[in-house]
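Those protein sequence lines, which keep their order, are chains A and B.
Residues in the first sequence are numbered from 1 upward in steps of one, following the numbering used here.
Residues in the second sequence are numbered from 1001 upward in steps of one, following the numbering used here.
Rather than coming from a laboratory, the hints here were simulated on the basis of the structure.
Since the structure is predicted, the reported quantities are computational estimates derived from the model, not experimental observations.
Heads up, the beta-carbon is just placed ideally off N, CA and C, and yes, glycines get one too.
Some clues are possibly wrong.
Unchecked claim - In silico negatives: residues of chain B with every beta carbon more than 10 Å from chain A:
(1) Gly1019
(2) Phe1063
(3) Ala1081
(4) Ala1094
(5) Val1113
(6) Leu1120
(7) Leu1128
(8) Val1133
(9) Ile1137
(10) Leu1153
(11) Gly1161
(12) Leu1163
(13) Ile1166
(14) Leu1213
(15) Thr1214
(16) Ile1215
Stated by the list, open to error - Among the chain B residues that face chain A by a calculated CB cut under 7 Å, a handful are:
(17) Arg1012
(18) Arg1015
(19) Ala1016
(20) Gln1020
(21) Glu1074
(22) Glu1221
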Amino acid sequence: MNSTASLRGATVVLGDRAVIRDLDLDLMPGVTVIRGPNASGKTTLLRAIAGLVPFARGERDVPVPTLFLGQRAQLLRGLSARDNLRFLAAFRGASPDRVGPALAAWGISARDASRPVETLSAGQRRRAALARLDVERCDLVLLDEPFGELDDQAATALAQKIRILAGERRTIVIATHGHPELDPSANRVVRLG
Amino acid sequence: MSLRRIGLVARREVRAERGQPDGLVSAVTFVAVLILVESLAVGPLAASRPAVAGALFWIAMAFAAILATSRSFERELEDDALDAVLALPGGRDAIYAGKALALTALIGLVAIVGGALSLLLLSLDVALPGHLVLVTIAGVLGLPPVIVLFVVLALRLRSRGALVPILALPVLVPQLVAATNGTAAAASGDAAGAIAWAGLLVAFALVYSVLGLTIVPAALE
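With the rest of the complex left out, here is chain A (with noise of 0.2 Å):
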């Protein structure tokens, strides 16, 4: 099967450390999960996928369009989520129109979405940002501890969102040192540390 992405030999130090030392990874589609204790280097890692780290060695080849979701929101305050999202859209060359569906299917109604973002909540800025899963579409998604700050319902439509994009061949990444229950339908686990 060939992969989605694939690093070599990657090597990522911040500081004097070496956070990640000669890695090698093929993405494949599918989920792959990331575990590994505190200061693993698992953000890292998928900061470096993303292209938001530089490699002190090694390679990195990404061809498919890649989105990156951190721990945080990554929305800008003073925008609201709507056009925070539509910003993103346009700026990838997706269409905009499926904003306003997508922040509602995760649950961000009409009048929250027009809101200045840093009047939501941590839980709905998170879900507004997963909205961008069916906004952007894209082959290769890295989702940084995607669980945190989402209440049970959230989290179980994330879960759900994990399996279909999977079943549509893209291949998802997430790093995470929590929720075991992902690791059973993963096609594979990485452990760092």
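Once you have looked at the hints, place chain B on chain A.
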């Protein structure tokens, strides 16, 4: 580099500033207070001399521009919003040009308020108002390319608040000299001088824009 993406970033910046106008408000307040304090410090007679008035105005504008630009990037860092843009294809290129474009408009607004206050508080007689507007526009164009560049270079540093003025102001000295002389020339009726200084300011803006577009994508990595 895509003009469409630059436009999208600029529009996003303007909308965010409209929704949370702390950058504009703090820059306008700062420029007004600084011009007032400066004019009191040097005295009304000295402050009304074109060269002194021009220098007071442009020093205040440089600090206000640093303040507004820093605030704009603080907002980007608050919820890791910048990561969402940088992870997009073409995001690194667009963020510099888009921010510089939007901040030029914002600093232009600050210049209108600061300019009006300067004329009022410093009792400045302007012989060539049209030329003064031209020099002001050219001076405003020259600030964001330099300041956005240094704010980006210092972005991941904890002491960026102190470092950006220290790094940017020495580089801005030629622009401040040109803008001050251009302002003085326009105020005292030297049309050729005002146009020459305005041309130099536009040249500075172009040089630093090219430099920023070259350096910033790598710096953001």
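Taking the hints in turn, this is what the structure says about them:
no.	hint	result
1	Gly1019	violated (4 Å)
2	Phe1063	holds (23 Å)
3	Ala1081	violated (4 Å)
4	Ala1094	violated (7 Å)
5	Val1113	holds (21 Å)
6	Leu1120	holds (31 Å)
7	Leu1128	holds (39 Å)
8	Val1133	holds (30 Å)
9	Ile1137	holds (26 Å)
10	Leu1153	holds (15 Å)
11	Gly1161	holds (18 Å)
12	Leu1163	holds (18 Å)
13	Ile1166	holds (23 Å)
14	Leu1213	holds (18 Å)
15	Thr1214	holds (17 Å)
16	Ile1215	holds (15 Å)
17	Arg1012	holds (5 Å)
18	Arg1015	holds (6 Å)
19	Ala1016	holds (4 Å)
20	Gln1020	holds (3 Å)
21	Glu1074	violated (10 Å)
22	Glu1221	holds (5 Å)
Violated hints, listed in ascending order, are 1, 3, 4, 21; each of the other numbered hints is respected by the structure.
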